[in-house]
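J.: Sequence:
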Amino acid sequence: VTLSFVVERSGDLTEVMVVSGVKKDIDEEAIRVVSKSPKWNPGIQDGKPVRVKYNIKVNFSPN
Numbered sequence: 040v041t042l043s044f045v046v047e048r049s050g051d052l053t054e055v056m057v058v059s060g061v062k063k064d065i066d067e068e069a070i071r072v073v074s075k076s077p078k079w080n081p082g083i084q085d086g087k088p089v090r091v092k093y094n095i096k097v098n099f100s101p102n
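So the sequence shown is residues 40 to 102, counted in the working numbering.
There could be a bad hint or two in this list.
To be verified - Below, simulated DSSO-like cross-link-like pairs (lysine-lysine); rule was C-alpha separation at most 30 Å, straight line:
{"#": "1", "residue 1": "Lys62", "residue 2": "Lys96"}
{"#": "2", "residue 1": "Lys75", "residue 2": "Lys63"}
{"#": "3", "residue 1": "Lys63", "residue 2": "Lys87"}
{"#": "4", "residue 1": "Lys96", "residue 2": "Lys63"}
None of these hints come from the bench; they were simulated from the model.
Given only the sequences and the hints, what does the whole structure look like? Please build it.
T.: In C-alpha cells:
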C-alpha cells in the first residue's frame, strides 16, 4: 500500500490517503497504523519548521 500524507509544522500527520492500494481492509489498516504513529519531525527551511508531503510504502506480511 502506498500512502501520501503531510507532516505539519507541529509534527502531526494530515491528509493521509491511499495512492496505490491493495484491498479496502488492508488499505484502511495502513491508514490507521500511519495515522496513529508518534509525531514526525517537520521539514526545516531557513531554520524554521515547514510542512512536508511524503509518499511511503507500507508492507504487510501474512502470518
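J.: Could you run down the list of hints and mark each one as holding or not?
T.: A quick look at each hint next to the structure:
no.: 1; hint: Lys62 x Lys96; in the structure: 14 Å, holds
no.: 2; hint: Lys75 x Lys63; in the structure: 18 Å, holds
no.: 3; hint: Lys63 x Lys87; in the structure: 38 Å, violated
no.: 4; hint: Lys96 x Lys63; in the structure: 16 Å, holds
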